[in-house]
Amino acid sequence: MKRYIILAEEGERSLIPEVEQSLGCSLQDWEVIITGVGAINVIRSLSPLDRDAELLNIGHAGSANFEIGTLVEVTEVRLNHPCVTYPEPVLPLSPFASCLSPLTKSVCYSNCDFVLQSDYRDCVFDMELAFIAALGFRTLHSIKHVSDNLSLHTYRETASGVAPA
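In our numbering, the protein residues as written are 296 to 460.
Any given hint could be a false lead.
Below, a list of computed lysine to any residue pairs in the SDA-like style, where the Cα atoms sit at most 20 Å apart [claimed, not checked]:
hint : residue 1 : residue 2
1    : LYS400    : GLU368
2    : LYS297    : CYS320
3    : LYS297    : PRO343
4    : LYS297    : PHE432
5    : LYS297    : LEU322
6    : LYS400    : ASN375
7    : LYS297    : GLY364
8    : LYS400    : LEU344
9    : LYS400    : ARG339
10   : LYS297    : GLY333
11   : LYS400    : PRO382
12   : LYS400    : GLY364
13   : LYS400    : PRO390
14   : LYS400    : ARG416
15   : LYS297    : LEU430
16   : LYS297    : ILE363
17   : LYS297    : ASN444
18   : LYS400    : THR380
19   : LYS297    : ASP345
20   : LYS400    : TYR381
21   : LYS400    : ARG346
22   : LYS400    : ILE363
23   : LYS400    : ILE329
24   : LYS297    : TRP325
25   : LYS400    : GLN316
26   : LYS297    : ALA348
27   : LYS400    : LYS297
28   : LYS297    : GLY431
29   : LYS400    : ALA348
30   : LYS297    : GLN412
31   : LYS400    : ARG451
32   : LYS400    : ARG373
33   : LYS297    : LEU344
34   : LYS297    : GLU362
35   : LYS400    : VAL379
36   : LYS400    : PRO343
37   : LYS297    : ILE329
38   : LYS400    : LEU310
39   : LYS400    : VAL314
40   : LYS400    : CYS378
Hints in this document: simulated from the structure, not taken from any laboratory.
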């Protein structure tokens with residue numbers, strides 16, 4: 296079975312050693328795929344992969360209240376659409392069985408744009424994970440590094456993130 300580390304941006308590659316240390320295992324035999332930011336890039340990059348592959352998404356995420364620098368193991372992912380409510384599946388993720396130290400567990404809300412404010416607490420926000428999960432891979436894990444507290448400026452400083460439009 297193929298195993299892939301899924302990153303949105305090349306700069307997130309620097310998170311792999313921190314994640315390896317927290318998980319207590321080497322990820323050197325995992326192939327790294329850089330998708331690009333957002334849904335279209337994820338779909339184009341990952342659609343050709345075998346759905347039996349094991350994926351580990353590692354990336355930066357915002358949070359309204361988690362401390363910057365916290366590593367979070369995502370347990371489930373949903374889309375974030377705070378202005379409307381409609382029936383939509385919650386997508387559970389697989390736990391990473393070899394975690395030595397207990398990481399903060401959290402829901403991740405994926406968005407099509409950067410989240411600058413939210414009443415949601417004890418969760419993280421990204422722009423890719425729900426779209427990765429919706430592709431139907433048998434085994435998907437996700438570890439997020441809290442890069443900001445819903446501040447694009449802090450994200451850019453912490454993560455050397457995306458450039459202004």
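Going through the hints against the structure:
no.	hint	result
1	LYS400 <-> GLU368	holds, 5 Å
2	LYS297 <-> CYS320	holds, 17 Å
3	LYS297 <-> PRO343	holds, 13 Å
4	LYS297 <-> PHE432	holds, 12 Å
5	LYS297 <-> LEU322	holds, 12 Å
6	LYS400 <-> ASN375	holds, 18 Å
7	LYS297 <-> GLY364	violated, 30 Å
8	LYS400 <-> LEU344	violated, 27 Å
9	LYS400 <-> ARG339	violated, 29 Å
10	LYS297 <-> GLY333	violated, 23 Å
11	LYS400 <-> PRO382	violated, 24 Å
12	LYS400 <-> GLY364	holds, 14 Å
13	LYS400 <-> PRO390	holds, 10 Å
14	LYS400 <-> ARG416	holds, 13 Å
15	LYS297 <-> LEU430	holds, 16 Å
16	LYS297 <-> ILE363	violated, 32 Å
17	LYS297 <-> ASN444	violated, 35 Å
18	LYS400 <-> THR380	violated, 25 Å
19	LYS297 <-> ASP345	holds, 8 Å
20	LYS400 <-> TYR381	violated, 25 Å
21	LYS400 <-> ARG346	violated, 25 Å
22	LYS400 <-> ILE363	holds, 15 Å
23	LYS400 <-> ILE329	violated, 24 Å
24	LYS297 <-> TRP325	holds, 8 Å
25	LYS400 <-> GLN316	holds, 17 Å
26	LYS297 <-> ALA348	holds, 5 Å
27	LYS400 <-> LYS297	violated, 26 Å
28	LYS297 <-> GLY431	holds, 15 Å
29	LYS400 <-> ALA348	violated, 23 Å
30	LYS297 <-> GLN412	violated, 38 Å
31	LYS400 <-> ARG451	violated, 25 Å
32	LYS400 <-> ARG373	holds, 15 Å
33	LYS297 <-> LEU344	holds, 9 Å
34	LYS297 <-> GLU362	violated, 34 Å
35	LYS400 <-> VAL379	violated, 26 Å
36	LYS400 <-> PRO343	violated, 30 Å
37	LYS297 <-> ILE329	holds, 16 Å
38	LYS400 <-> LEU310	holds, 18 Å
39	LYS400 <-> VAL314	holds, 14 Å
40	LYS400 <-> CYS378	violated, 26 Å
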